[in-house]
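Undergrad: Here is how the chains run, residue by residue.
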Amino acid sequence: MDLDSALWPKDVQRCSFPKFMIGITVVTLVLIWGVYAALLCWFKGLNQTNMNDYYGFALWIWADLAIIGLGGGAFFTGFLRYLVKKDELKNIINYAVLIGFICYSSAQLILGIDVGQPLRGWFIFWHANVHSMLTEVAFCLSCYFVVLCIEYIPLILENRQLDKEPFFHHLSHNMHGIMAIFAATGAFLSCFHQGSLGGVSGVLFGRPFGFREGIFIWPWTFFLFTWSAAACGPCFTILVTKLTETISKKQLVKPDVIDLLAKISGWMMFTYIIAKTVDTWYWALYTAPSKGFNWAFFYSDNAFYGPWILWLEIVICGYIPAMLLITKKTRQKNATLWTAIILASIGVCVNRWALVLQVMAPPVLPFDTWALYIPSWQEVATTILPIAYGVILIMISYRYLPIFPQERELNPITN
Amino acid sequence: MENNHKKGKTKKFGMVIDLDKCTGCGSCMVACMSENNVPFKADETDKRLSITWMLVYKFNNGKAHPNYDECYLPRPCMQCEGDHGHSPCVSVCPAVATDYSHETGIVSQIYTRCFGCRYCMAACPYHARYFNWWDPAWPADMEKYLSPNVSPRMRGIVEKCGFCFHRYQLATDKAYYEGRDELEEGEYQTACTQACPAGAIIFGDLNNPEHMVHKIAQPDAKHHGRPKNPNAFRLLERLGTNPKVYYLSSRKWVRDSGDNYRPDEK
Amino acid sequence: MKIDRRSFLALSIGSTAGIHLTPLPWKLMDDSSIWTQNWPWTPVPKDGAANYVNSVCGLCPAGCGILVRKIDNRAVKIEGLPGHPVNDGRICGLGLSGLQMLYGGTRVKTPLKRTGERGAGQWRKISWRKAIEEISNTLIEQRKSGNPQALGAICSSDQGTTSQLLSRFLNVYGSPNFLRTPSVQSSYEMANALMNGSPKAVGFDLENADYILSFGSGLLDGWVSPVRMIRAHSIWQDEKVPVVQIEPRMSHTAAKADKWIAIKPGANAVLALGMAYVIIKEKLYDKRFIEKHSLGFESWKDEKGRPHKGFKQSVIENYTPVKVSAITGIDEAIIIQLAKDFAGAALPIALCGSGDGTAPGSLNEMAAIHALNALKGAINKKGGVWAVPSPDYILWPELEMDETASKGIQTERFDGAGGKKYAQARSLLNRLPEVINASSESPLQSLLVYNANPMYTMADSIAVKEAFAKIPLIVSFSPYMDETASYSDYILPNHTYLERYEDSATPFGFTQPLISLAKPVVKPLFNTKHTGDVIIKLAQVMGDQIAKAFPWKDYLTCLKTTMGDKWKTLVKQGYIVDKNHKAPDWAKGFETASKKFEFAAKAVNTDPKSDVIAPSELKPADLEGDAKAFPLVLIPYDTMRLASGFIGTPPFVVKTVGDDVLKANDSCVDINPQTAEEFGLTEGDKAMLTTPKSEVRVRAHLSEGILPGLIALPRGLGHSAYDKFLAGKGINFNALHAPKADPISGLDTTWGVRAKISKA
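Those protein sequences? They're chains E, S and V, same order as listed. If you number the first sequence the way the numbering used here does, the last residue is 415 and the count never jumps. If you number the second sequence the way the numbering used here does, the last residue is 266 and the count never jumps. If you number the third sequence the way the numbering used here does, the last residue is 760 and the count never jumps.
Some hints here could point you the wrong way.
Claimed, not checked - Which chain E residues face chain V? A few, computed with CB under 8 angstroms, are given here: (1) Gln13; (2) Phe17; (3) Ile22; (4) Arg120.
What the hints assert, rightly or not - Lysine to aspartate or glutamate pairs mimicking EDC-like chemistry, simulated, CA-CA at most 20 angstroms apart: (5) S:Lys63 <-> V:Asp72; (6) S:Lys47 <-> V:Glu683; (7) S:Lys144 <-> V:Asp72; (8) V:Lys70 <-> S:Asp256; (9) S:Lys252 <-> V:Asp258; (10) V:Lys264 <-> S:Asp135; (11) V:Lys724 <-> S:Asp173; (12) V:Lys109 <-> S:Glu178; (13) V:Lys724 <-> S:Asp135; (14) V:Lys686 <-> S:Asp46; (15) V:Lys240 <-> V:Asp258; (16) S:Lys41 <-> V:Asp723; (17) S:Lys266 <-> S:Asp256; (18) S:Lys144 <-> V:Asp723; (19) V:Lys523 <-> S:Glu143; (20) E:Lys164 <-> V:Asp4; (21) V:Lys259 <-> S:Asp135; (22) S:Lys252 <-> E:Asp11; (23) S:Lys47 <-> E:Asp368; (24) S:Lys58 <-> E:Asp368; (25) S:Lys63 <-> E:Asp368; (26) S:Lys9 <-> S:Glu178; (27) V:Lys240 <-> S:Glu178; (28) V:Lys724 <-> S:Asp46; (29) S:Lys63 <-> V:Asp402; (30) S:Lys47 <-> V:Asp659; (31) S:Lys63 <-> V:Glu677; (32) S:Lys58 <-> V:Asp4; (33) S:Lys58 <-> V:Asp659; (34) S:Lys144 <-> V:Asp660; (35) S:Lys174 <-> V:Asp47; (36) V:Lys523 <-> S:Asp141; (37) V:Lys724 <-> S:Glu70; (38) S:Lys215 <-> V:Asp660; (39) S:Lys47 <-> V:Asp47; (40) S:Lys47 <-> V:Glu677.
Don't read these hints as lab results, they were simulated from the structure. Beta carbons are placed, not taken as given, at the ideal position from N, Cα and C, and that holds for glycine.
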């Protein structure tokens, strides 16, 4: 018996404690590297980055938008599970919540490094400007994070030892009972902050590459972001699940659960990418020209910000995964399912990239020049930091918490 | 905010910069730096890390000799009004650290409020906003020349030109003590206006038909202040930022460089 | 009470929740942000009573009036002085940054004596008394050995009481070797001496001219009196006065001009005479002036009956548009049109002196352009070039010279100025390295340097250093640790211009006689001393006739006595100007033997075959270097954003320098895209630039604003002295070329050097 086996969920097998600790140590080293970089940024200031006055929004903001997009699986799976009553999804919801929790806590950490005066960060609440998309982001993001905590806590309480405590047992049980309310709240909040993240560049009427018309105060990107998060987030949940399965060398979720989520994602993606296509079309044909720009100008200066980005985002990481996921045959074939979920996850990242970093690159003043940017190691390290943190949290959670309700059934212990 | 919007009393301070007269000497930039306690560092050649509230751009007509021509264009903060004060930067600031004053038309920046998210910088198409990537430092005895009228900015926040707003405060204080309600045209002038050897910068109240800025630019109130003077133009007029800095040039290619035009429009 | 696991957990959760209900975390949160708003390392300037002091800028010779804003005892802002005749409230970037010089890290805070090798930066503090005593001992020694002429002084000006005190000290000591840093002023004075008959300074009545023809003068790039020139430009804009700029590179002046005529470098004189050809041929010249007030226009016979070719004939024979076009690279039609435009204007003026006007240029060129003005009578006329009376307020008692002094002062100047070869010259600082390096023992044994930084500003840096190394005693009066101060034996730091009284006379180029007074804006910050006081003290320590020549208690007494009843006005207003001054009319304005303007000034011309200033042989000035090995020509250029004189550029101004001029620590050179392609260079490429003197690393900046075959390098960079905000940035043009003495004037004529460039 292993040192910590008393903490494992009932009737499951885990790797040996030393092996687990070696894994944890390796990832922790990466984490420490990231923490060191973060401390440099806090104590020495943002001169540690390669950002500048043209590239004030850079790698971090992209990472923020991307991980929140990817973390969208939590709210959308919750929405499907509790509100649409897709009951099968209870077998993956825990993991979706955990991934969401990691993504959102990481996003907040990165924001804490990204702002020039982290100690004044709370001004965003105290001196809130209701017109600012970022205010909306901050409020919804923080509230939704609380929701995620509430969703994650019962899972922690289900640890074999904690669960022995009647108080925790009942608390967990009762919390499960009211989870639908939180899921609904979460879905509502998520719609808004995913949307307002989309609005971040969409409202910049001084930046014709990012600017979009819209309805009332919301630019089209507002809706597209929510939509794409709902579409691609679950793909990322599936991706991480599949990765976990590969690493732990066992099946953790039944294929029908994955299939259901993948199918819904597929249709979401399909509709999203059509909307995105229309949006891009409209922008290229009307929005940009009305400000004096030929759309091709924005892809004209350098190979990096070339038209390939459009192809990658819309066709390769848009239509292709959508088609792969809505087609039953490809969805149920392992190789094509993998391809689809990887492409979909990349797709949402590329989309966020284009709407943050690419917005900063083209000149707006006719006599100005293009701005290109390469992140410093400190930026890269602090961006990898949450990944390391996420891996650690997943390792611990997986080892000690009953995240996958179907694990026992799928992997009976034969003595 | 809106309460102060009394007709007749509200000012709309603006500038007219005569590009025919501007020689690109850079005096306005230095006047601004020395008036506003702008810091400096050992290497200022990376212009995207160099704080210059007032910046003189140099650009050319893209032609070969002998048709080659150059122009110099000083760029302070445009103090955009947008649509009813909805300027690109003010609307995005999450903490109201920058605000549009309907009383003066000046976009303010509260350094102690700003927490350095830089959203406003992303929003500003003129790159008029600058971030303090470093702690400001004044070596040797240079702290002694710092003006008490402008607070030095700490690291981690955004700063920009505010039309030397402290000079407005000093001038109105003086007028108040002298029992006057209104300022004379020359009483409130920005540091760059005052220094410009060419006299190329003219500053005043665009709402006041007696003021030179109004007479020269002839802002068209029906069209968001678009200039009626055929030689006047504003930068990036088509974006709808509604800036309060007007430029004059007798050269068409210079006026055309003030905005973007599609190839099929040219 | 038994603490079991359950109660422990309950307690932990309870207390965590509880603490958040107390004010503590919220208070901490608030306090931490208040702390960020008051970081102790971000200064908070002290408030106090605001007051203003008027004074004069001392950072360049333009003499702009300044108004300094103070808070209590701190100077916080320099502004232009409203109403001042030169700048009327306007001010340039350099002038605005004066406080960075005052409070900056390059100040010499106390007298210093060198302890290590020259230039090694090892110093010992020394008291004023001791320093003056040691220097006087050396000077007394030197004088005793019968070599008083071995004392030299370098000074940016020969006007004003401090310079005059220094000059007086040299005289009574017995040395003729007072050296003024050369500039186009020297050339103008010489042209005046030869053609107008007196070596007077000139003034340019630019504000009233109606056609401006500038032969490479950087009117908007720092020429002579930058703020005044820019103000004049605005007048020209308002009055639609045409401005034509002739130069191979588009400077700011050219960019703002109505016409930029890209000429091959070094061909200005040829173009001017080519224009003269057209004006003469078409009889467009001012007949009254030419016929009544000039000599040598028509051919003439001398007393012995020998015929001499006049200016007219000489020009007609030699300067046909075809020939001129071939040399200048300018179309014939343009030359003809240019001449017609110039001649067609009522009050045209032609200007000379390239860049910021610190390069004297060739006397030929100066004379040709002066002659062009003469053709239109634009001399001593509204809108033209005026002879300006020398300031007359310094009236000190006649010197009593002892025998040593009388003998010493009679010796020939070491630089040859006023001697056989360079009879017209008054001072030839540029010849210093050549003369000293050619002799085994330096003719100068002691050198005083005031308001000058020759180690930086003089051409051929290596030769200059070699020469200075041979001078046993160098004393610098610089308030700043500049290149020359760093290389001296003693630094006797002067107060900066914001800490001292100092008068300045009519600045070069100004038409109205003007006296300005600088006064202490703040009390001296450090243990510095007015150079005037140091000279008086030094003289007094040396005793005898030398002491007697300086009867004043101190500099201030000297200045007050000198100014007499003008003092009060000067203190109050800051300046005294004669606004009604007019140019002398043609009948009285020329002091030549003929009382006329003389085209016949043969001394100006190097051509033995010509009797007038127009040489019979057409050629652009030649250049150092072999054309085969060095296929390109490197020319310097000036910009308002870099100070290239004895004052280093302060941090604020360096900050305004574009990244197409300075990138990191590399100077950028302008190069035509066509030439760049030939040499395999693209925008921003690092490149090796080689001249016969040196090889340096630069970056290429491609520009259509420069003729092919040329490379242009900004002046004012490449300092080794000053602080990290200036030192080590870019290349000093002076390190890349050698001076070339004009055969007549002896002044440096270089306008470029042959070069090659390759990708680094």
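Undergrad: Now tell me if each hint is right for this structure.
TA: Hint check results:
For E:Gln13, the shortest C-beta to C-beta distance to chain V is roughly 27 angstroms, which exceeds 8 angstroms, and the interface hint is violated. For E:Phe17, the interface hint is violated, the least distance from its beta-carbon to any beta-carbon of chain V being 23 angstroms, above 8 angstroms. Because the closest C-beta pair between E:Ile22 and chain V is about 30 angstroms apart, greater than 8 angstroms, the hint is violated. The interface hint given for E:Arg120 holds, since its Cβ lies 5 angstroms from the closest Cβ of chain V, which is under the 8 angstroms cut-off.
Simply put, S:Lys63 and V:Asp72 have alpha-carbon atoms about 54 angstroms apart, too far for the 20 angstroms limit, and the pair is violated. Proposed proximity of S:Lys47 and V:Glu683 is supported: the alpha carbons are some 17 angstroms apart, at most 20 angstroms. For the given pair, S:Lys144 sits about 11 angstroms from V:Asp72 by alpha-carbon distance, which is consistent with the 20 angstroms threshold. About 44 angstroms separates the Cα atoms of V:Lys70 and S:Asp256, which puts this hinted pair outside 20 angstroms; it is violated.
The straight-line distance between the Cα atoms of S:Lys252 and V:Asp258 is roughly 15 angstroms, inside the 20 angstroms bound, and the hint therefore holds. Between V:Lys264 and S:Asp135 the alpha-carbon distance is near 49 angstroms, which puts this suggested pair outside the 20 angstroms criterion. Straight-line distance between C-alpha atoms of V:Lys724 and S:Asp173 comes to about 41 angstroms, which puts the hinted pair past the 20 angstroms bound. Using a Cα cut-off of 20 angstroms, the hinted pair V:Lys109 and S:Glu178 is violated, with the two alpha carbons roughly 45 angstroms apart.
This hinted pair checks out: V:Lys724 and S:Asp135 have alpha carbons roughly 17 angstroms apart, not beyond 20 angstroms. The hinted pair formed by V:Lys686 and S:Asp46 meets the criterion: a straight-line CA distance of about 16 angstroms does not exceed 20 angstroms. Taken as a hint, the V:Lys240 and V:Asp258 pair is honoured in the structure, with Cα atoms around 10 angstroms apart against an allowance of 20 angstroms. Proposed proximity of S:Lys41 and V:Asp723 is supported: the alpha carbons are some 11 angstroms apart, at most 20 angstroms.
With a CA separation close to 9 angstroms, the supplied pair S:Lys266 and S:Asp256 stays within the 20 angstroms bound. A threshold of 20 angstroms between alpha carbons decides the hint, and for S:Lys144 with V:Asp723 the separation of about 18 angstroms falls inside it, so the pair holds. About 17 angstroms separates the Cα atoms of V:Lys523 and S:Glu143, which keeps this hinted pair within 20 angstroms; it holds. For the suggested pair E:Lys164 and V:Asp4, the alpha carbons sit about 14 angstroms apart, so the restraint of at most 20 angstroms is met.
Between V:Lys259 and S:Asp135, the direct Cα distance comes to roughly 47 angstroms. Violation of the 20 angstroms bound is thereby established for this hinted pair. For the hint pairing S:Lys252 with E:Asp11, the CA-to-CA distance comes to about 82 angstroms; that exceeds 20 angstroms, so the pair is violated. Between S:Lys47 and E:Asp368, the direct Cα distance comes to roughly 12 angstroms. Compliance with the 20 angstroms bound is thereby established for this hinted pair. Of the supplied pair hints, the one linking S:Lys58 and E:Asp368 holds, its CA atoms being roughly 9 angstroms apart against a limit of 20 angstroms.
Only pairs whose Cα atoms come within 20 angstroms are accepted, and S:Lys63 paired with E:Asp368 is accepted, the gap being roughly 17 angstroms. This hinted pair checks out: S:Lys9 and S:Glu178 have alpha carbons roughly 19 angstroms apart, not beyond 20 angstroms. Note on V:Lys240 and S:Glu178: the hinted pairing is violated, with a Cα-Cα distance of about 42 angstroms set against a maximum of 20 angstroms. Between V:Lys724 and S:Asp46 the CA atoms are separated by roughly 16 angstroms; this keeps the pair inside 20 angstroms, and the hint holds.
For the given pair, S:Lys63 sits about 69 angstroms from V:Asp402 by alpha-carbon distance, which is inconsistent with the 20 angstroms threshold. This hinted pair checks out: S:Lys47 and V:Asp659 have alpha carbons roughly 7 angstroms apart, not beyond 20 angstroms. At roughly 17 angstroms between alpha-carbon atoms, S:Lys63 and V:Glu677 fall within 20 angstroms of each other, so this suggested pair holds. For the given pair, S:Lys58 sits about 76 angstroms from V:Asp4 by alpha-carbon distance, which is inconsistent with the 20 angstroms threshold.
About 11 angstroms separates the Cα atoms of S:Lys58 and V:Asp659, which keeps this hinted pair within 20 angstroms; it holds. At most 20 angstroms may separate the alpha-carbon atoms for a hinted pair to count; S:Lys144 and V:Asp660 exceed this at roughly 33 angstroms. About 17 angstroms separates the Cα atoms of S:Lys174 and V:Asp47, which keeps this hinted pair within 20 angstroms; it holds. Of the supplied pair hints, the one linking V:Lys523 and S:Asp141 holds, its CA atoms being roughly 14 angstroms apart against a limit of 20 angstroms.
Straight-line distance between C-alpha atoms of V:Lys724 and S:Glu70 comes to about 32 angstroms, which puts the hinted pair past the 20 angstroms bound. Taking the CA atoms of S:Lys215 and V:Asp660, the gap is near 37 angstroms; set against the 20 angstroms cutoff, the hint is violated. As the CA atoms of S:Lys47 and V:Asp47 are separated by approximately 32 angstroms, the hinted pair breaks the 20 angstroms bound. Proposed proximity of S:Lys47 and V:Glu677 is contradicted: the alpha carbons are some 27 angstroms apart, above 20 angstroms.
Hint compliance for this structure: hints 1, 2, 3, 5, 8, 10, 11, 12, 21, 22, 27, 29, 32, 34, 37, 38, 39 and 40 are not met, and every other hint is.
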